[in-house]
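Visitor: Chains as they are written, first to last, in my numbering: chain A, 1 to 259; chain B, 1001 to 1381; chain C, 2001 to 2595.
Treat each hint with caution, since some may be false.
[What the hints assert, rightly or not] Listed next, the in silico DSS-like pairs over lysine-lysine satisfying Cα-Cα at most 27 Å (straight line): (1) Lys1098/B / Lys2102/C; (2) Lys2266/C / Lys217/A; (3) Lys2121/C / Lys1098/B; (4) Lys217/A / Lys2422/C; (5) Lys1058/B / Lys257/A; (6) Lys257/A / Lys2266/C; (7) Lys2346/C / Lys1340/B; (8) Lys256/A / Lys1058/B; (9) Lys257/A / Lys2121/C; (10) Lys257/A / Lys2052/C; (11) Lys2422/C / Lys1098/B; (12) Lys105/A / Lys2422/C; (13) Lys1087/B / Lys2102/C; (14) Lys2115/C / Lys217/A; (15) Lys1098/B / Lys2115/C; (16) Lys257/A / Lys2053/C; (17) Lys1087/B / Lys2121/C.
[Unchecked claim] DEER-style ranges, computed between Cβ atoms: (18) Leu237/A / Pro1034/B: 30 to 36 Å; (19) Glu1337/B / Leu237/A: 36 to 42 Å; (20) Ala2441/C / Ala72/A: 39 to 45 Å; (21) Leu237/A / Gly1097/B: 17 to 23 Å; (22) Glu1370/B / Leu2452/C: 57 to 63 Å; (23) Phe1181/B / Leu2369/C: 29 to 35 Å; (24) Glu1370/B / Ile2160/C: 52 to 58 Å; (25) Ile1164/B / Trp2376/C: 33 to 39 Å; (26) Pro11/A / Gly1097/B: 45 to 51 Å; (27) Glu1370/B / Arg2529/C: 54 to 60 Å; (28) Val1200/B / His2424/C: 57 to 63 Å.
Since the hints were made in silico from the structure, they are not lab data.
On a predicted model such as this, the values are computed, not experimentally measured, just so you know.
For every residue, glycine included, the Cβ atom is placed at its ideal position computed from N, Cα and C.
Single-letter residue listing:
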Amino acid sequence: MSSLVARRRHPAAIAIVLLLGLILTGGLYAAFAPKDADAAATSSQAVAAGHKLFLSNCATCHGVNATGTDAAPSLVGVGAAAVDFQVGTGRMPLANPGVQAERGKVQFNSTEISQLSAYVASLGTGPSIPSSSLTSGGGDIAKGGELFRVNCAMCHNFAGSGGALTRGKFAPNLMDVSGRHIYEAMLTGPQSMPVFNNSNLSPQDKKDIISFLMNVKTEASPGGWSMGNLGPVTEGLFAWTIGIGMLIFIAVWLGKKAA
Amino acid sequence: MTDDNDASIPKEPAVSHDESGRAVATRDGEHALPERFENPGLPPHVHRQGDHDEAAAKRSERQVAALFTISMLATVLFVVAYAMIGKDDDVTLPILGKVHALNVALGVTLAFSLLGIGLGAIHWAKTLMSDEEVVEERHTLRSDDEARAGAIKVLTDGAESAQINRRPLIKYTLGGALGLFAIPLGLQLVGGLGPFKGDVNDLRTTLWDTGVPVLGANGKPEMKNGKVVTRPRRLMRDPEGTAIRLSDVTLGSVFHVLPEGINNTPEPSNEKVKAAVILISLQENKIKSARERDWGLDGVVAFSKICTHVGCSVGLYEQTTHHLLCPCHQSTFDVTEDCKVIFGPAKRPLPQLKIEVDDDGYLYAPHGFEQPVGPSFWERG
Amino acid sequence: MSEQTKARSTADALRTDDKTDSPAGDGGPVGAIANWVDERTGAAKGVRFLLKKVFPDHWSFMLGEIAMYSLVILLISGTFLTFWFVPSMGETTYTGSYVPLKGVDMSQAFASTVKISMDVKGGLLIRQIHHWSALIFVVSIALHMFRVFFTGAFRKPREINWIIGLLLAMLAMVEGFIGYSLPDDLLSGTGIRAMQGFILSIPIIGTYISYILFGGGFPGQDIIPRFFTIHVLLLPAVLVGLFTAHIILVMVHKHTQYPGPGRTNKNVVGFPMMPVYAAKAGGFFFVVFGITALIAGLVSINPIWMYGPYEPTMITAGSQPDWYMGFADGALRLLPGFLEFNLFGKTWSFNVMIGAILMIPILWTVMGLYPFIEKWVTGDNEEHHLLDRPRNRPTRTGLGMAAITFYGILFAACGNDIIAIKFHLSIDDITETFRVALIVAPIVVFWVVKRLCLSLQRYDRDLVLHGRESGRLVRTSKGRFFEAHEALGDYDRWRLVSFDSPEPIGLPPATDEHGVRRKGARKDRLRARLSHYYFKDRVEPVTPMELAAAHHDGHAAEAIESHPDEAESGHMHGGAEEIGAAHAYGHPTPHDKQD
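Throw the hints in and build the complete structure from the sequences for me.
Guide: Structure (C-alpha cells):
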C-alpha cells in the first residue's frame, strides 16, 4: 500500500482534499472566467454593447428608444455624465420606487457602465464624463469652500453631511462620493438637484468644490469627535445624555454611604 | 374573640369600620392607637469598614492619596504636552477619528488633574470623615413680634423725624424727581443706539430699485442735465460678481444672484440681505401664473431669496417638484405659482424680480421688487 | 495743676476707653494670622456659623450645584477668551493657518475666533470648555428646576427663590444665545437674522427696536460689539447677583430634605459643612470642571471654521440654535402661516410672534405663578421643609410632566430635519405629527402620569399593610400554598406613611350668617373647583389603626380601600383566614400551630 493510501483515513485527509478542491476550482475559474472586455474597444463597439445592456436593463422604464415613458424620463441629451453618475452610484437601475432613487449597490462593472454611457451619449449631445484632472482634487480649497457654502450647503449641509428636502427626499451625505461622481452630479442635476452647468460653476469652480469636499473628508476634526458634523442638535443630545449622565453618576456615588 | 376582663389573655384589638368603610382597629392590645404614625427618629448608625478596621481606613487613605497623586501627574503631563505637541499635530483615535493631538492631550490631562482632586476629596469624605448624621434645628423664619414692632418703630420714627407726612409737597416732588432722573440716561442710550425713526423706507427698498451709472468712453459716469445717467442693474453671480447671460441659464439651472455694483455700496452686507435673488430655469409650460411667465424669460424666473418668514436664505430648489424650501423652518414655496407658500410657517409668497435681457445678452432687472422683501413687519400693510 | 495739665488729663480720661487690649494667643503662625484677621473683621463668628451648617445628602441636590459650578467655569473660561476675541465686525482677510479659509473675507470677530481655535495653544480647549459648560449649565438648571418642582420645594418660604431661579434660567438661555452668536459664523449669524425677523414681527414698535438694536439695518456693524457688552458685562453681573441672592436664601432657609426617619419639618439632618460638605461640595466642583474639560478635549463643539463666516446670502441645511433655544425654534416650525394676516392696513404676524416673542414670557409667568396657585388651591400657609415624593402629589406631578411633554415636543420639532434624514421620514409628515401631538400628548401624559402616581401610592399602602413578600412559602393543612409576608420595619415604613394627603377645600356658604352675599363668592367657587380638580383623586397614608386591623384581623384586612366608593375592591391575602395572622406576618421561623 502506498503511504498516501495508507493515510487516507487520517483526520487531516478530508481537510487536505477540500483545500485541493478549492484551489482547483478557483484556478479553473480564474483561467476560464470571462475577462473584462478590453476597455480600448472602439466606440461603435461600446455603443452597440451599451445598446444591448440598455435594452435588457433600462428599456422597460426608459423606453426602447430611450425617449422615456410614464415611468421614467427621456435620456436623449442627458449625456454620458448622467449615466456614469446614475449607474455608477447604483441609483440606476432603480431598485425600489420611492420618493427618490437612492445610492445603492452598483449593478454593473466599469466597462459596462462606460458602454451604457457611450450608448446614451450617442443619442444626443449632452454633458460628458469629466477628465480626472478635474476630479482628483488639487484645486483652491478656500474658493471651493465659499462656492460650496453659496451653492450647496443649503441642501447638503456645511460639511456635506446631507440634509432634508420635502416629503422624505433628501440631499445625501457627500463624504463617500468620488470626485468624478460629484462633478457629474453638479453637471447633470440628478433628480431634485439643480443643474450647475459649466457657465454657472466653471470646471475650475467644480474642481475647487471637489477639492474642498476632499479636504473636509481628510482633515482632522480639531476639537475631537465631530459626531457627523450635524450641528447643535447632536451637541445638545450629547450634553443631555452622556454629559449630564456622567455628572449624575458621580453625584449618586457622592451621596452613597461608603462600604 | 376578645375577653376584655381577663388580663392574662393578650387583648386583641377591636376591629371596626370607620365612616368611610375602612377597616380600623382602635386599640393595639392595651394601648390606644395614635391617629398617625410617629417619627421613629434617626435610624441606628451603621459603621463603615474604615470606622473600626484600621486596615480598611489605611486602604482608603492610600486610595485618596493615589487620586491626588494622579492629579499631580496629570498636571505635569499637561505641561509636557503643551511644550512638546505642535498646534497642527494630528492623531487618529478610535471613535474620535483624526483629531488635533494638542486639544486631546491638554483636555484629558487637565481633566485628570481636576478629577483627581475632586474624586479624591469626595472619597476622603465618604470613607474617612465622620458620617454620623448631624441634626440642626430650624427656627421659624418669622421674626418675633418684638423685632417686628421694633422695625416698624424705626421706620415710623424715621418718617416722623423726616416730617415727610406733614410735608406733602416734599413727598410729591421727591416722587417726581426720583421718577424722572433716569430719563436722561435712557434717552442718551436709546437715542444714540440707532436711527430712532425705525427707517421703514429702508425695509421697503432694495438695491434693485436703483441703477448703476453709465460709464462714458473716459470711464467716468455720463451726465445729462446735471444728473448721472443710470442703467438698470445686471444680475451677477454670487460670490464671483460676474454678469449672467441668458444663454448661460440652461434648463434646471439655479443661479445665486446679487445686483451689479453691490460691493461698491457703503454697507454691502446690509444690501445683500435684501437684494439676494435666486434665478431658476424651468419649463415655461410648467409655470401656471401668467404674470410669472411674463416677468420671466422663456421659463427663466428670478425671485427674492429672502424668506418671508424670518429672513433666512431660501436656497433649496427641488428641480423635480419645482419647490423652493427654506431650511430654517421648512417654509415651502411653489415656483410654478408665483412662489406662493404651500407648507410651513411663512405666509407671503416670495416677491418676483422682473428680468429682461439687454443687447449684449446679459440679464438685468428693469425695476426693483413691487413689494417689500423679507420678513413681515407691522407697517408693511 | 496747670490748666494745660488739667485739660490733658481730662482728654486722657476721655481716651481711656480707646485702647483695646488684645490678649496674645498661642495658636502658632496660623493662630496668629487668624487672630490678625479676626481683630479686624470679627470673622470668627461668621466662620463658626457657616462651617457648622448642616446639609442633607441626596444626589438630586447636586443638580443645582452642577449649575453653580458651571457658572464659575463659564466665568473663568470666558474671561480667558476675552484676551483673544475681537468683538468687531470690521472686515479682514484671513491669514491664519487654517487652509480652507485662507484669503476669505470675514469679520474680525470670526477671524479672532478661528485664531483662538487654531493658532493659540490650548485656545480651542478653552473655547470648547466654555461652550460645553454652557450647555451643561442649562441642562442642570432644567433638571434642578424639575427636581424643585416635583418635590414641592417651591412652597413657602421658598417662593422668592423659585422666581429668582426662573429668572436665572431665562437669563442663562439668553446669555448662551448671545454668547454663541459672538463669533459671527454662518450658523449663529443665521440665528441673529432670525432674531431680527422676530423683532420685526412685534406690532407698532418692532421696526424701531430692530433699528435701535442693530444701529440701522441688518446686519450693520454694531450688533456683535453690542452683544459682547451684554454677554460679558451686563448679563454676567445680573446672573452673579441673582445667583448670590439665590444661594443666600438657601442658607437662610436651610436646605430642604426628603422625608425619612428622624427628619422633621423642624430640623435638618445631614452632614456639616466642615469637613464633610467642604470636601464633598468642593470636590464636586473639581469633578464638574474635570468632566467638562474631558468632554472638551474629546468631543468637538461649534466648529465655526467649518461653518464659515456669516454671509447674508448663504445658509446651511440643519440650521438650529443651541439646544436650550430649540423649543422656541420648534414653535416657529410648527406655527402655521395662516396666523399672519393684514388688518387695518397693518401686518399682524402671529405665526412669528406667538413662538418667538410671546411664548417665553407667558410660560415663565405661568411657572412663576404656580407656587401661588397651588397655595391658593390647598389653602396651605405652613412652612414646608420636607420634600414631597412626586407620587404623593399626583395632580402636580401630572401637570409637570404634561408641561415637560409640551416643551419636549417643541424641542423635538426643532430637529425635524435631522430626524427626517436620520430616520428616512418625510419632514412634512413629521411637522404635521408634532402639530397634533403638541395638543394631544400633554393631555394624555397628564392622565397617564396622574394615574401612575395614584397606583404607586396604592402600592405603597399595600406595602405598609401587607409587608414585603418574604419568599417563604407556607402550606396549610388544607393544601393551600401562600407566601408569607414580612412587615416593614419602623424606619422603612415611616417614609411611606409620613406624607399628608390634602382634601379639596370645601365651598364656604355663599351667604354669611346675616344672609348677605359674601364678597368674593365667585373667586371661592373657582378656588373650590380647582381644589377639587387637584385633590378629588386621593390616596390616604396608612394610619396605625388600619395597620393594626390588617395585622390582627384577617377578615377585616381584606377590605383595603383607597377611596370610600371602592368598598368592594379589596384583595385577599391567602392564608390569613386559615392560620393565625400572627403566624402569617412577620415571624421569621415557621410556626406549626395552625387554626
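Visitor: Which hints from the list above does the structure break, by number from lowest to highest?
Guide: 2, 9, 18 and 28
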